[in-house]
Every structure is written in C-alpha cells, then in structure tokens.
Amino acid sequence: MSEHPNSTDSIAVWQHAINQAIHSIEWPAHPAPLYRPIQYTLEHGGKRLRPMLCLLGADVLGGSMADAMPAALAVELFHNFTLLHDDIMDNAPLRRGRPTVFSAHGANSAILSGDAMMIAAYAQLQAYEGVRLAQLFSVLNRTADEVCAGQQFDMDMEGRERVDTAEYMRMIRLKTAVLLGASLQMGAITAGASASAQKSLYDFGVLAGLAFQIQDDVLDVYGNPDSFGKKAGGDIDSGKNSYLRVRAMEEADAATREALLQWYAAPPGPLRIREVKKIFDHLGVHQLAIDHMNALLQEAQASLLATSGANKTSIDRLWDFSQTLVKRSI
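For the record, in the sequence shown the residue sitting at position 145 is 145 according to my numbering, with numbers rising by one throughout.
Please keep in mind that the hints were generated in silico from the structure rather than gathered at the bench.
Keep in mind the model is a prediction, meaning the values are calculated, not measured.
Here a beta-carbon is modelled for each residue, glycine too, at the ideal position from N, C-alpha and C.
Watch out, some of these pointers could steer you wrong.
Said to hold, decoys possible - Calculated pairs, DSSO-like style, for lysine-lysine (alpha carbon to alpha carbon, straight line, at most 30 Å):
{"#": "1", "residue 1": "Lys278", "residue 2": "Lys312"}
{"#": "2", "residue 1": "Lys199", "residue 2": "Lys278"}
{"#": "3", "residue 1": "Lys240", "residue 2": "Lys277"}
{"#": "4", "residue 1": "Lys240", "residue 2": "Lys47"}
{"#": "5", "residue 1": "Lys47", "residue 2": "Lys199"}
{"#": "6", "residue 1": "Lys47", "residue 2": "Lys312"}
To be verified - The following label-pair restraints were derived from C-beta to C-beta distances:
{"#": "7", "residue 1": "Met89", "residue 2": "Ser196", "range": "12 to 22 Å"}
{"#": "8", "residue 1": "Gln20", "residue 2": "Arg162", "range": "39 to 49 Å"}
{"#": "9", "residue 1": "Ala29", "residue 2": "Gly97", "range": "25 to 35 Å"}
{"#": "10", "residue 1": "Gly269", "residue 2": "Val131", "range": "52 to 62 Å"}
{"#": "11", "residue 1": "Arg162", "residue 2": "Met89", "range": "19 to 29 Å"}
Just need the whole structure built from these sequences, with the hints factored in.
Structure follows, in structure tokens:
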C-alpha cells in the first residue's frame, strides 16, 4: 500500500488501514466485562474522522502513514472514550444505531471501560521518543482538558433560555473543534513539522470543525433525514441550544422571542418542530448559519494554504476531504 496515494480512492484506502489497525489492537481477555465494551464500541466507529485527519496532517508535511498511525489510534481511542462517558451524562440509549455501553451494561461499566480506553490512547504514544513524544503528549493533554471544559460548558447551557453566540462558539470550539485541530497537529508532529506548520494545520482543523458543527445544526432542522441519518428537528424536540436557536433568540424582537420560548416549552413533537422552524425561517437564521459557516471555511482555507513546507497535492487532498465533511447535502 502506498503511503502517499494520489488516486481518488486514497481516502477509502486510508480508512481501511485505520480500521485494520484498530481491529489489530490486542485487548486482554480478562476481565471480559472491562474490555469487551471497548471492542464493542470500536467495532462501529463511524467515519474515523479524527484518525484520518491525523494521517492527512502527516501527509501534508511529508510524513508517512506508518509513522502517524499510532498517533491516529491515540486520537480515535481518546474520542471514543469521551463518547462512553458522554452517553452516561446524556442518558443516551443509542449511539450509531446500537445500544450504548451505558444502556446495555450500566454506568459503572461505561465509566471503567472508558477509563481503560483513555489509558490505551496514551499507551499508543509510547511508539514515539524524544521531542516527538513530548510534543504529542503535550497536545493530547491540552486537548483533553479543553474537551472536558467544553462538555461542562455544554451541560451548563442545558435548560437556559438565552445563550449568546460567543458562548455557543466557545462551547463547540472546546467540545468538538479542538480535537479536530489536535488530530492534524499530532499528524504534523509525527512528520517532524515546524511549530508554524503545526499551528497552521491546527488552526485549519479548529476552524473547519466549527463550520462542521454549525452545518450539523443546520442539517438537523433542514437536512434530509434519509441522507443525514438523524431524525429531522431532533435538536428542537430536545430543547437544545443549537446555533439556529441561539441566533434566533438574538435576532428576534421581544414578541417573536416570547413565541419562540413558548414553543420550546410546548410538548415535544411534530407541531413544536414545525412552528419553531417557521420562526427560524422568518428570522432568516438558516442563511445566517450558512454565511457564518462559509466565513469560517474561508479562514480555514487561508490557514491551510499558509502551512509552510506543505505538499500541494496533499493540501488539495486535505481540503477536498474537509469539504466532503462540511458541505454535506441539505
């Protein structure tokens, strides 16, 4: 397998390599209740977005898939560890269409298996030495702390009638976007990249991650459920402070704001979703979200193009990959 594929299916090739590497991790057989939930969680790991970004970050700076793979596994294990604990806090019965570890085995199992997965993430970094090890360890530690802060900010927003845009953007930056930036930066570190090149890729990942989350909020209301894979209006039904709700509360006059709050206080269901969406349409928050997303993507592209020592073909591949994630069909 080429470490620098230039065919249109290179992303699929790398995703296959990531899946192979994940499934080749040897977990102890005992105690089974500790390790089986980890294997269960990793069997259906979604898009493998974060490890893919790690490999692409290395590729942009001339690194190899083999050198970057342990770091890629570290970010994937860390991400899945956070999901196990998030499901407890969210009381979530399903993830990726399957029962969560929390719902199937209880909170204690999800906590302990999540802890073991986090330890395994750090163990992957033992493949590196010297400066690379120190830099990787520092980035993962910093990011772990930020993700925890983002989760806390998200919980603090639950049930609040008003959240301003700056608060919301801070929350999604910490909860979601910084791990995408860190994935790219860690890939760059494995390639021996300069501090400036690392920062350019990190900034690109954070900005693209913010755009990705805004688009996710838009798709929840305006997307095709068949292609998006989620129930339409789920954020409205759950009363979530999404980007659309936050902007609507800021754009609305007093009467419209009161109507919006009354509908969010109404029983969940199709009527609530329909009426809230009407208010969103009236206020134009759909377009405001798209405009903000596009502005973030322009910033992200500028940061990516400023990456010193980057390979142009690899830059194009990373940009194309980010576009397939953010510019999903509505």
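Results for each hint:
Annotation: proposed proximity of Lys278 to Lys312 is violated, straight-line Cα distance about 45 Å (limit 30 Å). For the suggested pair Lys199 and Lys278, the alpha carbons sit about 41 Å apart, so the restraint of at most 30 Å is broken. For the proposed pair Lys240 and Lys277, the alpha carbon gap of about 14 Å is at most 30 Å, so the pair holds. Taken as a hint, the Lys240 and Lys47 pair is honoured in the structure, with Cα atoms around 24 Å apart against an allowance of 30 Å.
Restraint check for Lys47 and Lys199: satisfied, since their Cα atoms lie roughly 25 Å apart, inside the 30 Å limit. Straight-line distance between C-alpha atoms of Lys47 and Lys312 comes to about 25 Å, which keeps the hinted pair within the 30 Å bound. Between Met89 and Ser196 the beta carbons are some 37 Å apart, a value that contradicts the proposed interval 12 to 22 Å. For Gln20 paired with Arg162, a C-beta distance near 48 Å keeps the hint of 39 to 49 Å intact.
Range check, Ala29 to Gly97: Cβ separation about 28 Å, and the 25 to 35 Å hint holds. Restraint check, Gly269 to Val131: a C-beta distance of roughly 56 Å satisfies the suggested window 52 to 62 Å. With their beta carbons about 22 Å apart, Arg162 and Met89 fall inside the hinted range of 19 to 29 Å.
Hints 1, 2 and 7 from the earlier list are contradicted by this structure; the remaining hints agree with it.
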